[in-house]
Amino acid sequence: MNIYALGIDVGSTTVKTVVCDEKGTVLHSAYERHFSKVKETVSAQLEIIAGKFPEAQFRSAMTGSAGLGLANAAGISFVQEVHAAFLAVKMLYPKTDTVIELGGEDAKIIFLTGGVEQRMNGSCAGGTGAFIDQMATLLGITVQELDAAALRAKRTYPIASRCGVFAKSDIQPLLNQGAAREDVAASIFRAVVDQTVAGLAQGREIKGNVLFLGGPLYFLKGLRKAFVGTLGLTEEQAAFPEQAPVFVALGSALYADQSKDQPKTAAMLLEKIRNAHAASDVLTGDVLFQSKEEYAEFVERHKQCDLAYADLKQYEGDAYLGIDSGSTTTKLVLITEDGRLLYSHYASNEGQPLDRIAAKLKQIYADKNPKLNIRASAVTGYGEDLIRAGLSVDYGIVETVAHFKAASFFCPDVDFIIDIGGQDIKCFKIKNGAIDSIMLNEACSSGCGSFIQTFAMAMGYDIAEFSQMGLFAKHPVELGSRCTVFMNSSVKQAQKDGATVEDISAGLSSSIIKNAIYKVIRARSVDELGKNIVVQGGTFLNDAVLRCFEREIGRRVIRPAISGLMGAFGAALYAKEQAALTDAPSTLISPEALKQFSYTSQNVRCGGCTANCSLNVIKFSDGGRFVSGNRCEKGAGVKRDTEVPDLYTYKYDSLMVLAKEQPARSRATVGLPMVLSFYEQMPFWHTLFTKLGFRVEISGESDRKVYFKGQHTIPSDTVCYPAKLAHGHVETLLEKGVDFIFWPCMSYNLQEADTNNHFNCPVVAYYPELMRANHSGLNADNFCYPYLDLNNRKNVIQVMKKTLRKYNIGGEIAGAVDAAYQAFADFRKDIAQKAQEVIAQARAQGRKIIVLAGRPYHLDKEINHGIHKLITSLGLAVVTEESVAPLGEMPHLHVLNQWTYHSRLYRAAQYVTTQPDMQLVQLVSFGCGIDAITTDEVRSILESHGKLYTQLKIDEINNLGAAKIRLRSLLAAMNSQ
Amino acid sequence: MEDHAIFTREMKDTHTILIPNMLPIQFRLLISVFEFYGYHCELLESESRTVVEEGLKNVHNDTCYPALLVIGQFMEALKSGKYDPNRTALMLPQTGGGCRASNYIHLLRKCLKDTFPQVPVISLNFVGLEKDPRNGWQLTMPMIIRAIYSIIYGDMLMTLYNQCRSYELIKGSSKKVLDKWIRYMSKELRKNGYTNTTKYYKLMLADFAKIERSSIPRIKVGIVGEIYVKYSPLANNHLEDFLISEGCEPVVPSMLEFILYWSINKVNDARIYGKYTAATPVYHMIYKMFLAEQKRVIRTMKEHSTFTPPHDFEKLRASVTRYIGQGVNMGEGWLIPAEMGALAESGTENIICTQPFGCLPNHIIAKGMSRAIKEYYPDANIVAIDYDPGATRVNQENRIKLMLANARAKRGEV
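Protein chains in written order, with the numbering used here: chain Z, 1 to 977; chain W, 1 to 414.
Everything labelled a hint here was simulated from the structure, so no lab data went into it.
Just so you have them, the derived chain W footprint on chain Z, three or more residues with Cβ under 8 Å:
id: 1; region: 756–765
id: 2; region: 787–794
id: 3; region: 893–905
Quick list of in silico lysine to aspartate or glutamate cross-link-like pairs, DMTMM-like style, CA-CA up to 20 Å:
id: 4; chain 1: Z; residue 1: Lys90; chain 2: W; residue 2: Glu413
id: 5; chain 1: W; residue 1: Lys113; chain 2: Z; residue 2: Asp527
id: 6; chain 1: W; residue 1: Lys374; chain 2: Z; residue 2: Asp97
On the chain Z side, residues computed to face chain W include the following (Cβ under 8 Å):
id: 7; residue: Val82
id: 8; residue: His83
id: 9; residue: Pro715
id: 10; residue: Cys745
id: 11; residue: Ser747
id: 12; residue: Gly927
id: 13; residue: Gly929
id: 14; residue: Ile930
id: 15; residue: Asp936
Note that CB positions come from ideal geometry on N, CA and C, so glycine has one too.
For reference, chain Z alone in the conformation it holds in the complex:
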């Protein structure tokens, strides 16, 4: 009788089994998707094994992220999956230096030489198989097609890889702007590599012989190419083993063999699996509907909010076209003069919104009554600019306003609108007939339609069918509110514990609502929302979701039957309003021109300024063109009549110009990284060192390349982007060959006003410590990071004397420090004065003023992504928070006011409340824990005085789409106030 080893790997999406002998020779292997039916799939594979090896006995072990529960319940031994892989690598590929394994939701790395280290992705599933699946879905193609496309790519775009949600917001605009699908595909793979480097390697370099494991790396040639290329590996160094997909299962078989597991027949194992009953700890909630009658009544009530209809073929007279080119879907409506619906369309844009809309328009032209005249048209949504340019649509309208118009049509005294679409949630409160406050989901799509859609697809259902299934679920699962990726594991857990698809469907509907209310709106009580609530967006067409919402807030709401079309409907209403003001016929592309319509897209670099934005230029068949990717008008070739005053640019330039002032002869070269607190204190340190006769080398401007340069030394991938960028700046300074880099640690910042304390945040205060510990090129000689307190002149002198001891310049230091203080004061005075000029100039030009409030380092154009230019392009002047903070008083706060930079926000907000022509926009870096405290406080200062609060969350994402919607909504609200 033969004794073999059997390994069973139950991953998040697949089941793998391997039978091998003690040498690791594979005798049988299987790889199969389990669609969450784990037990069944494992049993099926075991049956095959039982048939193939009827006489044999097996030493067995289970592994994998979803295998633990089953292994415990079945009494089969379990081995952690990374460890299983490690065992197999040691036996089969002993020369390997590094192993990279990508799975469905996990990513792992094992360093074998130079200290064995095994790591897994932490609490983020970015850069895994699930991420690639998500991206393929977004492009409307299969993963295989994505892979094939990537191999044909000509260039790559930077795409955030940390989270599917982030990546989507980078990819969507690329698609909407017509970037080639091949290039986007390759960029997605590149993002996966970046995530592996940033999230897993965490400062350890990936080099030598690299073994690549896991399904995605085995099946996707494009992904392989991206890894090999980015890591700079030779063909010999990169190994993609034949058994890659089942490698971990093989490892667990080897584990079983080495741990001398008691041999059993396949039939015995099968018996164990079949009898496995995991302990159930599923929480269940209330049923959605008790009976069919209750549901029927619910449906009847909501039916009352519907439009009247008219026939496109019969109707004669004026009609108005509204287009909503959303991030993933395209919506069109055509309405009559009295608001009856002639035509509507709602479908995925399949990544090609312009083509879809042109096709639908052709259809309308073909089907309509010849006497129907499209009097005017308007477009809204992410694709607004492109569609408007391509199809000569009459008007563009910001989404929020379009939704408000549509909601008012159904409920004239509406005071709260919540729109849940595929990728985004928009909520706004209406006060005095104008949009008062807007909440958008910034970095999280957990409360959106795509959330439930992802699960429907994973379980093999169509979204409509899936959500319908939840209506009469007997024991809806209580899944709480959390991120999509983690919801995955909760859902799987529930399934393992016996929850049905119906129960999960109902549970997910309730989770969407909880995410929306508690994560996005952050409502504490229902009364906060309003009395007359209109819900809309495609997601609310789902009755289960609607029911959950009404139940969660304990109130009845209005859901128009055209819930998913409200943006387009609002645009049509807007077109109608605007057309009433003019006699001119619509500019919309004619049926004839539409027949000829085509376009080409091309990428170029803008030479307008040093930013060198990457532009995407689309040329239309009629000779028109559309440029995207530009931060300012220059790229689009638009000339402005007057310069809009902007303090951000002025302050940035005055810091950058410092780099040019150098002493005649120098003792040594000191490198100063242009990061974090240096964005304010550079004049101080620059003066101090130049006065002492040092040549000062400033690391220079940031861009994406600088970030990538330092990426491999970042130990914590969840720290804020401004901190991460610092790694690249230090790298730059080392490349420039400076004698030493100077970057002080400072627990305290300047004491400026009556505050509880004047700390720096922990990251600003101590980042040099982290840098020193994680960059092998830094040592005591070339990296000086003394602790000092700028409030205390004596302390600064003392510390600098000690720091520069070896240059023997003790006597000169006091004088240089005084000069530095003077230069710093002059710089701040100059900025404050310039702020007054900007304000005066803006007022003279009749412009409104935005206080763009963040931190000093938000000046960095790689951090702010040119938001200040976006604001000036809307005709608003921009000043910084610290330049107006001294003009404000410290308002009464409900929080501890103990950070210098943050206390400026409060005073700046207070000042804004005293200036009728000013509004404040707060910039928040993703991951800034302290801003979790400041944002609520700044909001309350502003709103208590009737000001609008706008928050822009920024990260490495280069896409200003969401920012633009917010700013335009702000502008619309300001104008209507």
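Position chain W against the provided structure of chain Z, taking the given hints into account.
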């Protein structure tokens, strides 16, 4: 004038003070001290789902997990109907410093403003962070000293309990001894002579030594990290119990080390930034007092037992400068790398660093220092585990299992 409710003198008689159970052993002794001085206290133990949900509802979702849990636990308690909001007060420990944790109490008051404005919040701190003449919460010197001793005794019990529990032959025998001692010390702390620590240490050591234990060595796993997540089973999903179920011995540094860290920081700040004040020598004195007590703990343990004593804090402090400056004092600051280094040095190479997701200081002091520690201790097997409402237990345990697989492989087990 502050616009929140104040805990007045009259409330001492009428109100029950709810306290989150951050340190399961030490806090039980601590409240018995408070009771002795006439305050009615109750530790909150609830771990229901509502705790997290209330937290999510009431604080900004990006706020750190400890704040979310503590506030969630309070709100759940107040809404449960178990307590009369007109006769209930809340207490939160506050340390001050540049970490946003100093803001918990303000966030809590913000939540109460809309729902239970009459409920006062007491700040538990020893530096007088909240001064109000109406304050009925009076920390007198004898009370402070008793409170401190309750922590010191609690630490000793925690250390002994952890060292026995993984080895006990009769299940539950360590817990019995522990419970007995908590009851006993609660009474002793009310009498005179409670400061004779050596006497009590010896009794404790003798009593715990009587527990029948296996002599097979277990894998030792050090737990360091953000103070709340490190100690509170609610926050760390019962990490100690999980480790024991995996056949390991959890090694948890004591609270005394945090107090030592906190007091010497005040001296360090003065030294580094030239910020000497009248309080500086006082802090230094406090530090020295606690240090002497720690030395007593170590000495007594060495002389009278086979249990492993804590690390000499002065040594630990001296060695930390190899990785990080002692100026890093926000959150757990240099204490985390110091403890990791000390654990690795004394043979506990497997270390779990617990932290709330997105904890600001921990970017630097935990994940940021891993590499530096490995330079000195290449065998250190460190895993950082993030805790937040979105993280699942399965996920966390899988990562810990990986760390344990490494540990077992090093011992020659497969």
